[in-house]
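Residue numbers for the sequence shown, in numbering that gives the first Met the number 0: 0 to 81.
It should be emphasised that the hints constitute simulated quantities derived from the structure, not laboratory data.
Small disclaimer: the values here were computed from a predicted structure and weren't measured.
Incorrect hints may have been included.
Unchecked claim - DEER-style ranges, computed between Cβ atoms:
no. : residue 1 : residue 2 : range
1   : Ala78     : Leu42     : 27 to 35 Å
2   : His68     : Leu10     : 14 to 22 Å
3   : Ser25     : Gly47     : 20 to 28 Å
4   : Ala79     : Ala51     : 26 to 34 Å
Note that the Cβ used here is the ideal one computed from N, Cα and C, for glycine as well.
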Amino acid sequence: MTDTLFRDADLIESGDLVIYHGSIESRHGLYIATHCPCRDCILADFHGVADARYYLTDPWAEYRHNLFHVRRQSITRSAAST
0 MTDTLFRDAD
10 LIESGDLVIY
20 HGSIESRHGL
30 YIATHCPCRD
40 CILADFHGVA
50 DARYYLTDPW
60 AEYRHNLFHV
70 RRQSITRSAA
80 ST
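With the sequences and hints as input, model every part of the structure.
Here you go:
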């Protein structure tokens with residue numbers, strides 16, 4: 000139980016492998032997460048908004064367009080990152 004509790008509290012850091020399970024079902028899968036570099040997300044972080052947003056990059060480059068503004072609730076840290 001303790002391990003599960005700590006895994007749920009894990010923070011996503013830049014470079015972590017994550018599993019996307021958000022609203023765009025056709026894009027579900029494994030990605031590399033970094034903090035979203037857009038101006039709006041940087042300003043929200045600067046002003047202390049607790050809802051961190053992420054930029055997801057496909058590690059195999061299957062998609063030309065990456066995912067921006069992904070909420071923390073839409074991703075789970077992959078076991079491969081530990």
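Here's how the hints hold up against the structure:
The hinted window of 27 to 35 Å between Ala78 and Leu42 holds, with their beta carbons roughly 33 Å apart. For the pair His68 and Leu10, the supplied restraint of 14 to 22 Å holds, since their beta-carbon distance comes to about 18 Å. Under the hint 20 to 28 Å, the C-beta atoms of Ser25 and Gly47, about 34 Å apart, miss the expected range. Checked against the hint of 26 to 34 Å, the pair Ala79 and Ala51 fails, with Cβ atoms roughly 21 Å apart.
Of the numbered hints listed earlier, those contradicted by the structure are 3 and 4.
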